[in-house]
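Which chain is which? The protein sequence lines are A and B, in order. The numbering of the first sequence is the working numbering, which starts it at 994 and goes up by one. The numbering of the second sequence is the working numbering, which starts it at 994 and goes up by one.
If you are wondering where the hints come from, they were derived from the structure by calculation, not from laboratory data. In this text the structure is predicted, and so the values were computed from the model without any measurement. Incorrect hints may appear among the rest.
Label-pair distances were calculated between CB atoms; the ranges are [as the list claims (entries may be wrong)]:
id, chain 1, residue 1, chain 2, residue 2, range
1, A, M1011, B, A1066, 28 to 34 Å
2, A, V1034, B, K1033, 42 to 48 Å
3, A, A1101, B, S1104, 41 to 47 Å
4, B, E1100, A, G1087, 30 to 36 Å
5, B, D998, A, T1006, 23 to 29 Å
6, B, D1121, A, T1062, 16 to 22 Å
Where is the CB? At the ideal position from N, CA and C, for every residue including glycine.
Here's the letter readout for the chains.
Protein chains: 2
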Amino acid sequence: MYFEDFFVGFTFTTKSRMLGEEEIITFAKQYDPQPFHIDKVAAKESIYGGIIASGFHTMTTAFALSLETGLWAEASMGSPGMEEVRWFKPVRPGDTLTVRAEVISSEASKSRADIGRTGMLYQTFNQDGEEVMRWRTIHLLKRLP
Amino acid sequence: MYFEDFFVGFTFTTKSRMLGEEEIITFAKQYDPQPFHIDKVAAKESIYGGIIASGFHTMTTAFALSLETGLWAEASMGSPGMEEVRWFKPVRPGDTLTVRAEVISSEASKSRADIGRTGMLYQTFNQDGEEVMRWRTIHLLKRLP
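Full structure from sequences and hints, please.
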């Protein structure tokens, strides 16, 4: 799929992935070592009442699920950034995440004829259908050869 | 340090960390397995001309550097989100990252007397002083006991 295939309103849903406690703690020890992510006792005494996943872990898991669809394999050339990153609800050990993605804008580059800018909304849901996270981003995509 | 200590205009600079090629590829294989992050040959033929770090890897490295200062140890209660996430320049194997953080807003919670909302700007620089990434975020912080 190329830039032209990601028309505004195109949506897809990813496979699901469960985040286990060990994985949550391992990630957080390296990248977000706050007590409520890595220390069961401290987490229990925190406002969260137990271990929760780092928001960066939720984000990277969601992004990996999106890549796993294979939809980006041909066209993706990276991203200049993200907007409106929101963590709505904690992700707890054993929660299963699924991502819904929607194309919300599509604009051919003015400076490069072979590139387009595709705006996406990524929403991540838990097993109860609750939205735990969202963000908007721009993908730089190759145009049809 | 508590909410009251993070006054508007307070800044700090972190230690520096070098991102090696193996670490870059290992992170990306798990969370951002795009060719220009994990495949040296494909990366060389891409617009980047070689392996570059996942933007999520730059972000999590920067966040870990901020936590390493110890400034957040007492007060941090997580974050509701981020704005204006920007990747300005590629981070390449061997690049050394340093983070400058600045308090840009400070607001006591209206609903909870023991919490404040502290707005931060995080800027990440490489060894040449070039800004490679930035984002804005809100930290939920405990107020002075």
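For D1121/B and T1062/A, compare the CB-CB distance with the range 16 to 22 Å and indicate the outcome.
violated, 37 Å
Is the hinted range of 41 to 47 Å satisfied by the C-beta distance from A1101/A to S1104/B?
holds, 46 Å
Could you check the hint for me, namely that V1034/A and K1033/B are 42 to 48 Å apart, CB to CB?
At 44 Å between Cβs, range holds.
Range hint compliance [Cβ, D998/B to T1006/A, 23 to 29 Å]
violated, 44 Å
Regarding M1011/A and A1066/B, is the given constraint of 28 to 34 Å on their beta-carbon distance met?
With Cβ atoms ~30 Å apart, the hint holds.
Does the Cβ pair E1100/B, G1087/A satisfy 30 to 36 Å?
holds, 35 Å
The earlier numbered hints that this structure contradicts are 5, 6.
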